[in-house]
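Q: Chains as they are written, first to last, in the working numbering: chain A, 1 to 459; chain B, 1 to 459; chain C, 1 to 459; chain D, 1 to 459.
If you are wondering where the hints come from, they were derived from the structure by calculation, not from laboratory data. Misleading hints may appear alongside valid ones.
Here are the simulated DSS-like cross-link-like pairs (lysine-lysine), alpha carbons at most 30 angstroms apart as the crow flies [claimed, not checked]:
#1 Lys409/D - Lys369/D
#2 Lys426/B - Lys69/A
#3 Lys320/B - Lys341/B
#4 Lys318/D - Lys339/C
#5 Lys409/B - Lys318/B
#6 Lys320/A - Lys320/B
#7 Lys69/D - Lys320/B
#8 Lys341/B - Lys320/A
#9 Lys339/A - Lys409/B
Sample of chain C residues lacking proximity to chain B, with all beta carbon distances greater than 10 angstroms (derived) [unchecked claim]:
#10 Gln38
#11 Leu70
#12 Ser134
#13 Thr135
#14 Ile219
#15 Arg239
#16 Glu242
#17 Tyr243
#18 Ala247
#19 Glu282
#20 Ser308
#21 Thr372
#22 Lys426
#23 Leu435
Stretch-level coverage of chain B by chain A, calculated; a stretch enters the list once three of its residues show a Cβ under 8 angstroms from a Cβ in chain A [stated by the list, open to error]:
#24 62-75
#25 258-265
#26 338-352
For each residue, glycine too, the CB sits at the ideal point set by N, CA and C.
Number of protein chains: 4
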Amino acid sequence: MIQDSNIHEECGVFAIWGVPNAAELTYYGLHSLQHRGQEGCGIVAADDYGRLERIKGLGLVTEVFDNAKLASLKGNRAIGHVRYSTSGGGGLDNVQPFLFRHNSGDFALAHNGNIVNSAKLRKYLEDRGSLFQSTSDSEILAHLIKKDPTERHLPRIIPIMEAFNMLEGAFAFVIMTQRRIYAARDKYGLRPLSLGRIGDGYVVSSETCAFSVVGAEYIRDLEPGEVVTIDRHGIRSARYSEYQRHAMCAMEYIYFSRPDSDIEGVNVHAFRKATGRMLFEEAPADADIVVGVPDSSLSAAMGYAEASGLPYEMGLIKNKYIGRTFIQPSQELRDKGVKMKLSPVRSILEGKRVVLIDDSIVRGTTSRKIVTMLREAGATEVHVCFYGVDISTYEELLCAHKSIEEARKTIGADSLSFLSPDALFKAGNRSDLCLACFCGTYPTELYDSIENANKDGKF
Amino acid sequence: MIQDSNIHEECGVFAIWGVPNAAELTYYGLHSLQHRGQEGCGIVAADDYGRLERIKGLGLVTEVFDNAKLASLKGNRAIGHVRYSTSGGGGLDNVQPFLFRHNSGDFALAHNGNIVNSAKLRKYLEDRGSLFQSTSDSEILAHLIKKDPTERHLPRIIPIMEAFNMLEGAFAFVIMTQRRIYAARDKYGLRPLSLGRIGDGYVVSSETCAFSVVGAEYIRDLEPGEVVTIDRHGIRSARYSEYQRHAMCAMEYIYFSRPDSDIEGVNVHAFRKATGRMLFEEAPADADIVVGVPDSSLSAAMGYAEASGLPYEMGLIKNKYIGRTFIQPSQELRDKGVKMKLSPVRSILEGKRVVLIDDSIVRGTTSRKIVTMLREAGATEVHVCFYGVDISTYEELLCAHKSIEEARKTIGADSLSFLSPDALFKAGNRSDLCLACFCGTYPTELYDSIENANKDGKF
Amino acid sequence: MIQDSNIHEECGVFAIWGVPNAAELTYYGLHSLQHRGQEGCGIVAADDYGRLERIKGLGLVTEVFDNAKLASLKGNRAIGHVRYSTSGGGGLDNVQPFLFRHNSGDFALAHNGNIVNSAKLRKYLEDRGSLFQSTSDSEILAHLIKKDPTERHLPRIIPIMEAFNMLEGAFAFVIMTQRRIYAARDKYGLRPLSLGRIGDGYVVSSETCAFSVVGAEYIRDLEPGEVVTIDRHGIRSARYSEYQRHAMCAMEYIYFSRPDSDIEGVNVHAFRKATGRMLFEEAPADADIVVGVPDSSLSAAMGYAEASGLPYEMGLIKNKYIGRTFIQPSQELRDKGVKMKLSPVRSILEGKRVVLIDDSIVRGTTSRKIVTMLREAGATEVHVCFYGVDISTYEELLCAHKSIEEARKTIGADSLSFLSPDALFKAGNRSDLCLACFCGTYPTELYDSIENANKDGKF
Amino acid sequence: MIQDSNIHEECGVFAIWGVPNAAELTYYGLHSLQHRGQEGCGIVAADDYGRLERIKGLGLVTEVFDNAKLASLKGNRAIGHVRYSTSGGGGLDNVQPFLFRHNSGDFALAHNGNIVNSAKLRKYLEDRGSLFQSTSDSEILAHLIKKDPTERHLPRIIPIMEAFNMLEGAFAFVIMTQRRIYAARDKYGLRPLSLGRIGDGYVVSSETCAFSVVGAEYIRDLEPGEVVTIDRHGIRSARYSEYQRHAMCAMEYIYFSRPDSDIEGVNVHAFRKATGRMLFEEAPADADIVVGVPDSSLSAAMGYAEASGLPYEMGLIKNKYIGRTFIQPSQELRDKGVKMKLSPVRSILEGKRVVLIDDSIVRGTTSRKIVTMLREAGATEVHVCFYGVDISTYEELLCAHKSIEEARKTIGADSLSFLSPDALFKAGNRSDLCLACFCGTYPTELYDSIENANKDGKF
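Make a model of the complete structure from these sequences and hints.
A: Pasting the structure below:
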């Protein structure tokens, strides 16, 4: 339950090549990635003449698309995007894919991730005459690709690879030109991107859960620093960077991904369940029942229950019908006890000592509310366990300058524990996860400001 | 997963008296009852002058209401309804609450249940000059109440109680007149209805989960055959029938209700979990993992897992963003493997012997699809267990003229078992559940036809 | 420009029998009657099995219907309605056609007009057990038709004719049963209704303008007191009343109808133009230009211009894009000069003495605003001429207790004149128009109150 | 009635500076310019901190904006645009204003007109690395302004003026930066743009009709080649070009503008009426009535009627409720006589010799349909008069290689006449109108192709 955080801009990208009804399949693909972003979405399709058409809008895929719109997107290839609702906003202008009209051929792109040197790159490009129409860092890649028109006679992939090399940060990109689709991951391997086969064609997706939905077969994950080209000749792989690391963002396992997705060979549900088991090993609580905060923390709670022998119970229910058009209760009503999203279950909680499993503490506000809610519903003790380890870096975060004991008091728990990084690595059976969001050690420089960019004035 | 059945018309009713923003609270109450009906919904509010205003429409509460519409419903009392999508349809005309304009005072009503003598009553009323504007059996009550204008000088509750006495079947009704709210349950106790306190006022709901959402406190369930009157003098109880039985519909526990609701003192999640435990006792399968069909069967699967010691796994994922505006995949796409609603998780299922827990078999079509899906995703064995006991009555149902072995072959399972009625009673710690949907023994005559009504020609 | 009046509830009805795509043609028919009502609209269609389906909603026909909804209305007969926005409101519940479900066969009806003894009839019906679901007087007819179930073995038209005989007031009704369409006018001939031929079928419409739109041929107007039956045997005429009068509402010619419609043989544009000519004869003003208030008064202004030799000018422009979703300017903006609907044209008005032609004065508020607007745009004199004669009856109307001189001062005109009733009769070449709205002499009792109905307690 | 032509891309622009509720006033301004474009519209508003926010969408202003969206556009300045539906399409991407995000300050622009050297300019810019996100020629100006980042320390207006000088064609632009609004017309004076005063601020509009709607006072038209700067210091004028001509597009008077607008001192209605008078002088027809094709040709028909002494009649009625959501009748229904948009009035036309006044013939298809419609409604003769002069240039146009006699036969008229250019000049009391659309002599090169641009490869 980390929705009060915006350190991440997580989105979902999807691409499909070489099958009829490409836009329709993209619709179903994006639908299965909807949990990665509900603010807006879009699809660009290309027909046999290389004409790119786009539909995009604010809202869920079921809100943005209807039959008529989907039918207007013709052709056997398409790319799509679901966008996470961030505080930065930007509204419709920032909804992807971005679509560019160029005399050398139109192209479109969609991006999941954060470009950390975006301010510098943007200034560099604007100083050369580039003009941006969004506040999204994803638009930068397009301008980088087209920045040097003398490169137009080179093979097309060269400027694309050069552009990738200029980006610092976390990304998974899909790019569609009139004749090709390109897919690439950052060289640190921070964001997931998988490749599948569908009929005689190919599919690329942020998560593998989309593969089973569209009837595709998983081939492999893209490699860090790899760019895959798909066209009528089939599939080709290239590396735009010598550097390579597998620092998959731990939050993908912990929070963002759907439990039925596999990330680099590890199933998300299985990962979470393992963290739950290890939470019990590291911090066994003397309690009666185990409760997970839905939806992300249910798997971990099951794992804790299995390891501890305590019953796993649905002590918190999440209302699944909350969408864009939901009318938020006023402060007055919330003060009077109107609860949204999460409801505690008195008949389950009453008189019980509860182990509460959640993914991560951020500012602690949400955790405090949940603990209070459980106590009001009759829980006699609440032991809070985060399988998303300790966050010890950011000033704005609860634990920034507090000990665990201080944090425990703040959220009002009877005990508080965080999973150790080692256990987290063990859960994934890999020691190379990026824990930057938790411990502040990034494989790449994170917050880059326009001030810095202006200071040196060059890229 | 019984959505291919329509033997039940399950809906949700909600009423609130004596608090400001009554319509707004009704919105949140209906929102928490949304799982009971997604076809349409409506709210009628009454202001201090007894003026009743209504907003209703097709779709979810978040689709039908916006801020402006909600603000137009003024006053400190309201009733609301969410309607289940049934094959009968009827569209907007059948969406409740029904609102009647009468010189003795306008009134509105909302109903959950089935009136089994509706054809007879309808003919009886039409023969007296009544005119119906919907195909819903719920409209009958209103005509019954007003059928005899000589009764206008009696206390208002008399004709209402007489009307309830003429109804055979399952019902929970809320009625709002200019000065009062009435709430009543059928004398068999087939449908749930609970009473709560909120501020200085009262709230009535099909399920108790709505109470915690709106900040109300549970008082008690209404009794079978009881009618509760709420007005400025407070609350009064009366019995419209001497007869009383507690034959709560087993499907309320098994399928319809939200796990955080308590029905007549028994928590739904706890009930389901107990059925899961007993399923294992009655039919232990030699398997590797336990998988529940989301959402209704997750609790039972947990219970089975706990009892068996087998791990409970998320082998099936349900897409939670499917709503009214979702574009269903064409048959062609479905044949090519496009899956909606349920996705199997290959990395969990592959090579595993699976115990699949579901609520009830109906025609078997859905069960066969799910079993096939699990096998395609790598399950080596699939043992299907229904905690919703055997269905042995209806011709249209799979098991009607088949042995369990025939049924097993039809759905393609390695083994098939149904929970015994005794175990179901034990799960609820009560022996008075109505199993009519399963065994065909009804506390009240069920299917009544217009032919019969015409034959004897009178009520 | 009489929109600040609500003495009339003018609507449009349409019916079609015996042609494919009946609902689609009804859509186009209603579209051409849209000027008669913009609050809401609906269509009921019947298929070959006599199944009646309805779509209705608030808004214009282009807002309520889309391709999918229209396609769902199958069959070769249909009736439709457009509803005028009245202060009474009632929202969706009052939008017609009304649709009734009955064991003797479903039926639907749509109505244009006012039933003046509605309060009495309603009480009479409610005292017999009838239950109303709208506040519309149109619903009464249905209950009257079905009030006596002993009549079920009589030919179907008998109860319908009896019901018409109980109604006092102005009406044009279309009724669709499973096998027939009935159309009828009140015995005073107050509301128009015309009959046409289309292919092998028939069409009925409030105005003839709909005939040319759907490709139908005008046959004749229905007679006062006539009911026409259309079924597979063709067309039959009957009289439900001996009494007959041709007191067509003058407002139909003056304000409501589209200029291309013919009412009882007289074209509306031609009528209005003639009134304009006679306005000049009766009240010649010494002026420079003639300006009509759009849209209804343009024809009369042309007539005045022709007769006077003065140029007809577009001194006022009406914005045609104002619809249901238009955001009304705040009072603050209106005070600052934001004008909607009507814009004066300075370059035409400046320095000119203007003859302003309008249809009718009601409370005078609108007229005062228009005169002020013309002066601010440079008009040196404004001579106001109403071709809708003097209104001298209602207290709430400007002229109620005022002389014409007082009225002139109130609206700020340099001169004020009303067309004489004789001239109005001459314009229509008929002396039998109903001027009740203007002079208070009704062919039927107009405002009937619930008090009166209660006093005598019977019909 | 020239909607079957697309030689023009006519739109409407609006800007407002220095008053509260700027976006709201822009809404009303655009609403009064709605006749200039119904495909889409947008508003960009700037608050006191220079933050630019945009709402845009497909459809009418009443469809794109609601109260919440309008309220989100804060600040005391704004620009807006309504877009004409052209065959080129482009959908949402081409809807203006365009909004650019730049480190030197965000800016937005809106454009009415055609840039004839757009292909060359676009190639020139793309060769320098510019990246376009629409197919609209209006986007070019923004890239021209920002193409040379070395100019950033010059006064801001310099690059804007340089950019205007590179554009060939017809334009009226409004540009909003964080601190200023710029407005400019092309040096030929082909497109109108007027300046007004509102409170302590200013307003700029394609047509003066918007001034009276928002309560503004007309100051003057912008001069050809002039750019006006509005900021907190007030208003300043500059000339970006020495060259100046007043070649106002004749179509603005003939077809595009609202009759209550004044263009360079000449009222549109008065202009059209004068053309009608001169049509009679040049081509007097022996007829009974004069009929104009609504809406644009009504004024000219009135002029013809006045000059000829023949009565002006409403022989054709246009349905005003046709909008974006109108369901077009199928070919089958149209073949069966279903008529949209225009209805002939039989009772007016029957037995009459008709003079039909229309604005311009293009391919003749529409004219032939209207003539046929009039004859079917009983007209004995139809004499067609176009006040939009002869079109003699384009191959695709009817008259291209045909004599007037051939054209007459094609459209089926009894006689056919075109107003002479001299008479058109006389009607406007000016001899400098651009008749390019009619005679092919353009003040600026018109159709420029990408081939040509590619051939010489440079600007």
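Q: Out of the numbered hints, which ones does the structure contradict?
A: 2, 9, 12 and 13
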